[in-house]
Structures are given as structure tokens and as C-alpha cells.
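**Student:** Put together the whole structure using the sequences plus the hints.
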Amino acid sequence: MTVRADGLQSPRRHTNRIYTLFEYNYIIFPLTLILTFYCLRKVIDTTGYYVEISEDGWTRSATIHAILTGIFLLLQLPPYANTMGLCLPMRPLQYAKQPKRCRLGTLRVCLVTKGTNGQTALNSARCWDLLSQRDHPSVRFHVLVDGERGEVFHQQLPSYVTVDQVPVDIPVKRAKYKARALEHFRLKYKFSKEDWVLHLDEESEVDDRTIRTVLDFIERGTEDFGMGTIIYNSTNHWKNVFLSTAEVVRMAEDYGRFQLPLRAFQRPLMGWVHGSWILINGHVENTIGWDTDNVCEDYWLGYHAAAKGFKFGWLHALIREQPPCTLADLWRQRRRWPLTGLFGMGAVVPLWYRDWLLWNDATSLHVLLSACVLQDLSLTDQSVVSIVYHAVISVALWPAVHLVQIAALISVIVNPSQGYVVIKKK
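Every letter in the sequence shown is one number past the one before it in UniProt numbering, and letter 262, counting from 1, is 262.
Simulated from the structure, these hints should not be mistaken for laboratory data.
From the three backbone atoms N, C-alpha and C, an ideal C-beta is built for every residue, glycine too.
Wrong hints could be hidden among the right ones.
[Stated by the list, open to error] DSSO-like, lysine-lysine: derived pairs with alpha carbons at most 30 angstroms apart:
| # | residue 1 | residue 2 |
| --- | --- | --- |
| 1 | 308 | 190 |
| 2 | 173 | 193 |
| 3 | 308 | 97 |
| 4 | 176 | 188 |
| 5 | 188 | 308 |
| 6 | 193 | 311 |
| 7 | 193 | 100 |
| 8 | 100 | 190 |
| 9 | 173 | 188 |
| 10 | 176 | 308 |
| 11 | 176 | 193 |
| 12 | 176 | 190 |
| 13 | 114 | 173 |
| 14 | 308 | 100 |
| 15 | 114 | 188 |
| 16 | 311 | 173 |
[Claimed, not checked] The calculated label-pair distances, taken between Cβ atoms and stated as ranges, are:
| # | residue 1 | residue 2 | range |
| --- | --- | --- | --- |
| 17 | 159 | 91 | 37 to 45 angstroms |
| 18 | 42 | 102 | 49 to 57 angstroms |
| 19 | 384 | 23 | 17 to 25 angstroms |
| 20 | 79 | 47 | 24 to 32 angstroms |
| 21 | 148 | 23 | 45 to 53 angstroms |
| 22 | 42 | 103 | 56 to 64 angstroms |
| 23 | 43 | 193 | 55 to 63 angstroms |
| 24 | 352 | 116 | 51 to 59 angstroms |
**Tutor:** As C-alpha cells, this is what we get:
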């Protein structure tokens with residue numbers, strides 16, 4: 001962040017040029033996918049590394065490998081989901097081009113924090129100073145403090161920001177941690193069908209494009225629940241190559257796990273929604289509420305909202321967050337996330353089957369590279385050399401990141417997490 005002459009902080013490195021790529025993604029990314037497959041095939045043909053080609057058709061090893069590959073491919077739900085999410089038309093301006101059809105009561109931008117990472121939350125809230133919608137008559141800004149540092153935020157934030165301190169006694173039956181704070185917020189402001197809440201984490205940085213897209217979604221769309229793209233470069237971008245690679249993998253998986261179901265079916269896959277950068281209509285929150293003892297309160301609400309028939313939509317605007325600062329924080333965070341993967345070495349297979357295996361790897365490699373490049377292109381200070389270097393590092397560390405995430409999954413099955421862990425932020 002830099003400081004302007006008027007004393008306000010401005011996101012010095014951020015640019016919106018990647019929206020141009022989103023506008024033409026259905027042309028750009030299929031072409032780059034084909035190029036990735038072609039280059040990978042040339043490398044394999046030249047080096048002979050990968051699998052042994054059989055001239056006699058199917059072999060026993062090829063049959064076993066095909067069965068295992070098919071099982072893991074089907075577990076992706078659906079196969080090639082990340083590639084489809086990246087290549088199907090995104091239409092980032094679809095809501096802006098529609099006529100206004102709904103009235104907005106109040107949009108409450110709600111940043112939730114325990115106060116542990118107080119400076120991080122303050123930095124995120126100060127981004128609101130630069131918004132052209134700051135004085136919009138229907139937009140309200142809130143910092144919801146689930147801790148004892150509410151007075152600190154009162155003193156350091158401007159008057160247009162309402163600091164809501166979560167009281168000790170709240171009429172809830174099961175809710176704990178963040179769910180308890182969100183249930184207090186819902187009960188306090190008594191949402192109507194015309195009210196909306198934009199939920200943010202303490203490190204979530206928004207800009208004009210974000211809020212403008214939110215307003216278009218509310219006033220020009222028909223959905224009840226929105227979710228958007230998160231990139232992880234607000235701080236510490238590539239300061240730690242392993243942690244940054246992990247966030248590239250995370251962003252790549254978003255195209256299939258989160259974007260594709262919402263864009264294709266207007267509902268999440270098995271309730272998967274982000275914990276931040278979600279926009280929820282007041283009627284949805286009132287119907288379901290946050291009174292749950294599930295520590296994944298975002299998943300819980302998304303699952304029940306879909307089960308009750310509420311419609312979901314994708315917001316093509318960026319919110320910037322930061323990756324975990326340490327490997328220990330990464331481990332604690334990933335212990336909740338499942339993952340599948342398979343490498344195809346050591347089999348004797350027909351040529352066409354080898355090419356299909358290459359295609360599978362090319363799609364995964366392409367999504368990873370695309371996510372890495374897109375994240376860098378959202379910043380103004382990344383040179384071509386830096387972008388290429390980050391792409392190479394992401395590919396090199398990709399297998400190691402997968403192993404860590406698989407280990408985290410196994411560990412949480414053997415020893416389930418207890419309580420709610422707050423990841424340290426800077």
C-alpha cells in the first residue's frame with residue numbers, strides 16, 4: 001500500500017486488466033490449453049519420459065492404470081471441472097448490461113474479525129476510504145468484532161464505519177465462534193427481503209469494481225446468493241514460494257469447485273461456498289440463520305440455502321486476500337480441505353491412451369499456469385520475467401503442495417480439528 005497526498009492509503013499495485021481476459025476467456029483459454037497440450041506432447045515425444053508405448057494394444061498394466069485413472073477422474077465431480085470453469089464464457093459484464101429490476105434496501109458490507117489480527121482488519125477497512133460508493137445512500141460499512149478490541153476499532157476507524165461489538169450474551173442455541181457473531185449481526189439489524197450483506201474476512205480488500213459489481217448483481221440480477229473470485233496477493237506475494245504456490249493451486253481449484261456449479265446450475269456443489277466474498281440476501285439469512293455448531297458455518301449455510309431452492313450466481317469481480325504466513329498456518333487451514341490426484345508413470349499403454357493421459361495432465365497444468373499468470377496480471381509491478389519465474393516455480397512445487405494437502409486431509413480424519421483456529425495475518 002502507498003499513501004496519497006490526502007493521507008489515504010491506495011492499492012499501489014492493483015490493476016483491473018485481467019477483466020479483459022475474463023471477457024474473452026472462451027477464446028483465450030481454449031487456445032492456450034491446446035498449446036499446453038501440444039508443447040507437453042512434444043516434450044514427451046522428445047524425451048521419451050512418461051509411459052512406455054505398446055504396439056500390441058492393451059496390456060495388463062494399461063488396464064489396471066485405466067481403471068485407477070477412471071476412478072480418480074470421476075471423483076473430480078465432474079471430470080475436467082477446473083478446465084470447464086476456466087474456458088466456458090464468464091461474461092463479467094452480464095449483470096451491468098441488464099435493466100434494473102429489483103429495489104435495494106440496504107447493502108451492509110460486513111468485515112468480521114476477532115481482533116487478533118487487528119492491523120490487518122484496519123488496513124482492509126481503510127480501503128473503503130477510496131470507494132466512490134462510500135457515500136451511497138443504501139450502502140453501510142461495518143466491522144463486526146468478536147472479541148474485546150471493539151474500542152480500538154472505534155478509535156481508529158472513520159465515523160462512516162459502524163463498529164459492532166459482539167456481546168457476551170446472545171440468544172443462540174448452538175452457534176459458536178464466527179457463526180455466533182454473524183447470528184448476532186443478523187438479529188441486530190433485522191434484515192428484510194430488500195436487504196443484503198456482503199461478508200468479508202478481516203484481510204479482504206475491495207475496490208470500486210467489487211462494489212459496483214455487487215450493486216449490479218442486486219439490482220439487475222435474479223439470484224439470492226452471490227460469490228466471487230478471490231486472489232491471494234494483497235501481501236507477501238511470492239515472498240515464500242511454497243506458500244504462494246499453495247494459493248495458486250487454491251485459486252486454480254476454484255474454477256471447478258466453486259465457479260462452475262454456480263455458473264452452470266445456479267447452486268453450489270455439495271454446499272461448497274467461500275467463507276468470504278459472499279453476498280447474501282436478507283431473506284436467505286433469515287430463513288436459515290447462523291445458529292449452527294458447525295465450525296464451517298459458510299458451508300453449512302450454502303448447503304441449506306441450496307437445499308431450500310435459493311438461486312446462486314457468480315460475481316466476476318476480484319477481492320484480494322493474503323496467503324497464510326507460515327507452513328504451520330497453511331497446515332491448519334488445509335486440514336479441512338479434500339483433494340484427489342494421480343500421476344501416470346510406469347505403465348505400458350497404447351499411443352492413444354498415452355495421449356489421453358497427457359491431455360489429463362495438460363488440463364491440470366494449464367489451469368495451474370493460468371491461475372498463476374492471472375494473479376500476477378492483477379498487479380502492476382510484475383515483469384514478464386517475474387511472471388515466467390512464478391509459473392515455473394508453481395509447476396515445480398505443485399506436487400509437493402498436493403502432498404501437504406493430502407497429508408492434512410488424512411490427519412484431520414485421524415485426529416479431527418477441535419475449535420476454531422484464527423490464522424495469523426500481516
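**Student:** Each of the hints needs a verdict: does it hold here or not?
**Tutor:** Verification of the hints:
no.: 1; hint: 308 <-> 190; result: holds (21 angstroms)
no.: 2; hint: 173 <-> 193; result: holds (25 angstroms)
no.: 3; hint: 308 <-> 97; result: holds (29 angstroms)
no.: 4; hint: 176 <-> 188; result: holds (17 angstroms)
no.: 5; hint: 188 <-> 308; result: holds (24 angstroms)
no.: 6; hint: 193 <-> 311; result: holds (14 angstroms)
no.: 7; hint: 193 <-> 100; result: holds (16 angstroms)
no.: 8; hint: 100 <-> 190; result: holds (25 angstroms)
no.: 9; hint: 173 <-> 188; result: holds (17 angstroms)
no.: 10; hint: 176 <-> 308; result: holds (23 angstroms)
no.: 11; hint: 176 <-> 193; result: holds (26 angstroms)
no.: 12; hint: 176 <-> 190; result: holds (20 angstroms)
no.: 13; hint: 114 <-> 173; result: holds (21 angstroms)
no.: 14; hint: 308 <-> 100; result: holds (26 angstroms)
no.: 15; hint: 114 <-> 188; result: holds (18 angstroms)
no.: 16; hint: 311 <-> 173; result: holds (28 angstroms)
no.: 17; hint: 159 <-> 91: 37 to 45 angstroms; result: holds (39 angstroms)
no.: 18; hint: 42 <-> 102: 49 to 57 angstroms; result: holds (52 angstroms)
no.: 19; hint: 384 <-> 23: 17 to 25 angstroms; result: holds (22 angstroms)
no.: 20; hint: 79 <-> 47: 24 to 32 angstroms; result: holds (27 angstroms)
no.: 21; hint: 148 <-> 23: 45 to 53 angstroms; result: holds (46 angstroms)
no.: 22; hint: 42 <-> 103: 56 to 64 angstroms; result: holds (57 angstroms)
no.: 23; hint: 43 <-> 193: 55 to 63 angstroms; result: holds (56 angstroms)
no.: 24; hint: 352 <-> 116: 51 to 59 angstroms; result: holds (55 angstroms)
Violated hints are absent here; each numbered hint is respected by the structure.
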